[in-house]
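Participant: Here's the letter readout for the chains.
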Amino acid sequence: MRFLHLIWGNLTRKKLRTALTLLTVLVAFVLFGFLSAIKQALVGGVELAGADRLIVRHKVSIIQLLPVAYQARMERIPGVAAAAHQTWFGGIYQDPRNFFMQCPVVPDQFMAMFPEFRLPSAQMQAWLATRTGAIVGRKTAERFHWKVGDRIPIMSPIWMRRTWEFDLVGIFDGRDKGTDTTGMFFRYDYFDEVRKTQNWGQGLVGWYTIRVKDPAQAADTARRVDEEFANSPAETKTEPEGAFVQAWANQVGNIALIVAGILGAVFFTILLVTGSTMSQAVRERIGELGVLKAIGFTNGQILGLVLAESCLLTVLGGGLGLGLAWLIIARGDPTGGLLPMFFLPGRDLLLGLGLSLALGLVTGILPARQATRLRVADALRRL
Amino acid sequence: MTGLLNWFSQIGSITKFGLMSIPQRRGAVSATVIGIAGVVLVLVGVLSIAAGFRRAMLASGSPDAAIVLRSGADTEMVSGFGRNETRLIADAPGVARNASGPLASAELFVIINLPKRSTHTDANVPLRGVEPAALVVRDNLRITEGRMFAWGRNEVVVGAGAAREFAGLEVGGTLKVGRESWPVVGVFTANGGVAESEIWTDARVLQAAYHRGDSFQAVYARLDSAAAFSQFKDALTSNPQLSVKVLRQSEHYAEQSEAITRLITTLGFLIAFLMAIGAVFGALNTMYSAVAVRTREIGTLRALGFGSGAVIAALMIESLLLALLGGAMGGVLAYLAFNNFHAATMNWQSFSQVTFAFAVTPQLLLQGVIWATMIGLIGGLLPAIRAARLPIAAALREY
Chain A
1 MRFLHLIWGN LTRKKLRTAL TLLTVLVAFV LFGFLSAIKQ ALVGGVELAG ADRLIVRHKV
61 SIIQLLPVAY QARMERIPGV AAAAHQTWFG GIYQDPRNFF MQCPVVPDQF MAMFPEFRLP
121 SAQMQAWLAT RTGAIVGRKT AERFHWKVGD RIPIMSPIWM RRTWEFDLVG IFDGRDKGTD
181 TTGMFFRYDY FDEVRKTQNW GQGLVGWYTI RVKDPAQAAD TARRVDEEFA NSPAETKTEP
241 EGAFVQAWAN QVGNIALIVA GILGAVFFTI LLVTGSTMSQ AVRERIGELG VLKAIGFTNG
301 QILGLVLAES CLLTVLGGGL GLGLAWLIIA RGDPTGGLLP MFFLPGRDLL LGLGLSLALG
361 LVTGILPARQ ATRLRVADAL RRL
Chain R
1001 MTGLLNWFSQ IGSITKFGLM SIPQRRGAVS ATVIGIAGVV LVLVGVLSIA AGFRRAMLAS
1061 GSPDAAIVLR SGADTEMVSG FGRNETRLIA DAPGVARNAS GPLASAELFV IINLPKRSTH
1121 TDANVPLRGV EPAALVVRDN LRITEGRMFA WGRNEVVVGA GAAREFAGLE VGGTLKVGRE
1181 SWPVVGVFTA NGGVAESEIW TDARVLQAAY HRGDSFQAVY ARLDSAAAFS QFKDALTSNP
1241 QLSVKVLRQS EHYAEQSEAI TRLITTLGFL IAFLMAIGAV FGALNTMYSA VAVRTREIGT
1301 LRALGFGSGA VIAALMIESL LLALLGGAMG GVLAYLAFNN FHAATMNWQS FSQVTFAFAV
1361 TPQLLLQGVI WATMIGLIGG LLPAIRAARL PIAAALREY
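Taken in sequence, the protein lines are chains A and R.
To convert, note that position 194 of the first sequence is 194 in the numbering used here; the numbers rise steadily by one, no gaps.
To convert, note that position 77 of the second sequence is 1077 in the numbering used here; the numbers rise steadily by one, no gaps.
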């Protein structure tokens, strides 16, 4: 700490160079924050998946429907605590670009299965009392400026090819920061009643979510569910919710790898730029370092001085960059709706700070070693 | 005239001096060059994903081919027709014919779960039922391995992309559809188009397997000519027995690729823009230090009568040359690393996988070079001006 003013003096000696290096590091960490948020938006669902939940879908593909009668049979299987179903509605609100998910569900079963959706109990009561009632997540409600009491027309090209009207009775929030609050849910009994009048698709649902009694037995329970429906016209495939979400993310592509690739290129570049600046800075002051040694600075102290300088530079730049990234990300999804859950996780913020310190150590170590290896006489001769 | 020549020769000699001094500052110079190469690599790399995806989609439709969907349907997934409707569509004016009848194929489109080879997790693979005309309705369809499936038999052929990405789709393998197993008898290519992501079988076989009765989802038709499209479209949309949406295949696929191309391009530009800002700072650093170590030399030149304009121009040229070198390196690296890199992603419109190859196109490389040039110009300008403004006496005293 005693030498802080010395380190600071060295950094401010060439203000322009320091500022430019600082900005380079800053930009790298803005990118780091931004890419972390993108990765989180695309694959973050895996971490939030319930460990005690399984997804049951048609074995051939998710677009094929399952009988609603499977619910009672599932609930009788040992190890299954509860089951709830959802069906892809695929509706369009005004324009196909305004994409968000809608599903008919059985309200009490659904809310019990997904405790991460928080709905005020008065609104839950209203939902149970309104056949055409629907609830929507905070994100989508804010996106379209909906409020409770609004009548929402949704055109479904899949179901009846008509415009369905729903009464918005509730707006739910997410329990966790990453909970997806873009979905809209309405009542299955209303949905099935309309299907019955058209005699099309009644009694069929998209997929089931099961809560298991003991997460340790999840694999066994999944096997039992699939055995229950084996050799029927609609065979099932059951897997943990996490694996299901992971498979979806994998369908988009190997995002983690792409993000790591880009960040690798960025950091390699920054490493070179900062490293070359640092070694230039040290080279310019060989004479001074010789003087410091001559008046009794140890090699350890010299090493510390140079490393502290480079670390101060990168941590400052990294911290500012992460802060800036946080500000940009707080303004929301840059793609206009394609990445619903766009935020910078605290974990990645810490990782970023750690990386900035590591960057400082790596870029400083070569010049620092050079400085300690100096012989006093040689260094002084350069004065 | 001699003034101008003199000016050019001044620029030439200062630039030569500058370039000859590069070995002495090779650390900073190579950091800048590699920095710019990094920007171009990432820019071209990310955008080549979007370009490849678009290329796969656009290779799929020629201007004289049309697709007919139920009105209000944006994709085949939510479209549907009965046999009488598909017959009316095939007989419409404008549809090309050969000896066996109209060149129109009524098709079914469903999705089947298959594990990806790379991750072993399930993916939605498109499974299409076609009629015999499908082979002439699409361009450049060729069986490259095995044979075509036999009509009426439970057999499939798979696109080359699907065969590469998804497990079990090689000739001799079997496709499990519900409780049935269908042998894979051939692999086909479609000029890199979207059909290469699909599995094909006879429409009637698929109707039976999926209990679809005699229904279809889309009609693909080859027209007499590209100009016959409006005649075809008008005939169908004015027919009171039909409620359809008629599109050129090229339009249909462009629509399908729009969302994902927009996503990748937006993100790609944002990332490259941020990186470019970083690279500009790097270039500024290098050029400022280039000026700093040559202060005396520049002072001497100025004292000898070299103009300040020539100093600026020479330093800008040096910065530009370094940037172009970096840009070229980045472009070549991007080409080697990404061109024709095979991948598969989700096409949200059809809810299924599209296989495609990254495409490093000449336009993208040009774009990379333009970005590198901009970085070089911005990075060189301020230091050059500083060098030109140095008071000669002070510069000579420096050391």
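I should point out that these hints are in silico values taken from the structure, not numbers from a laboratory.
Computed from a prediction, not measured in an experiment: that's the story for all the values here.
Just so you know, even glycine gets a beta-carbon here, dropped at the ideal spot from N, CA and C.
Heads up, a few of these hints could be off.
[Unchecked claim] Label pairs and their computed distance ranges (CB to CB):
hint	chain 1	residue 1	chain 2	residue 2	range
1	R	N1339	A	P78	37 to 43 Å
2	R	S1225	A	R223	56 to 62 Å
3	R	N1239	A	S232	41 to 47 Å
4	A	R97	R	E1180	38 to 44 Å
[As the list claims (entries may be wrong)] Derived pair list, reagent style DSSO-like, types lysine-lysine, alpha-carbon separation capped at 30 Å:
hint	chain 1	residue 1	chain 2	residue 2
5	R	K1176	A	K14
6	R	K1245	A	K196
7	A	K39	A	K293
8	A	K39	A	K196
9	A	K177	A	K147
10	A	K39	R	K1116
11	A	K177	A	K213
12	R	K1176	R	K1233
13	A	K196	A	K15
14	A	K213	A	K147
15	R	K1176	A	K237
16	A	K237	R	K1245
17	R	K1245	R	K1233
Participant: Compare the structure with each hint and give your call.
Facilitator: Comparing the hints with the structure gives:
no., hint, verdict
1, R:N1339 to A:P78: 37 to 43 Å, "violated, 55 Å"
2, R:S1225 to A:R223: 56 to 62 Å, "holds, 58 Å"
3, R:N1239 to A:S232: 41 to 47 Å, "holds, 42 Å"
4, A:R97 to R:E1180: 38 to 44 Å, "holds, 39 Å"
5, R:K1176 to A:K14, "violated, 70 Å"
6, R:K1245 to A:K196, "holds, 28 Å"
7, A:K39 to A:K293, "violated, 48 Å"
8, A:K39 to A:K196, "violated, 43 Å"
9, A:K177 to A:K147, "holds, 22 Å"
10, A:K39 to R:K1116, "holds, 21 Å"
11, A:K177 to A:K213, "holds, 26 Å"
12, R:K1176 to R:K1233, "violated, 39 Å"
13, A:K196 to A:K15, "violated, 76 Å"
14, A:K213 to A:K147, "violated, 37 Å"
15, R:K1176 to A:K237, "holds, 14 Å"
16, A:K237 to R:K1245, "violated, 36 Å"
17, R:K1245 to R:K1233, "holds, 8 Å"
Consistency with the previously given hints fails for numbers 1, 5, 7, 8, 12, 13, 14, 16, ordered from lowest to highest.
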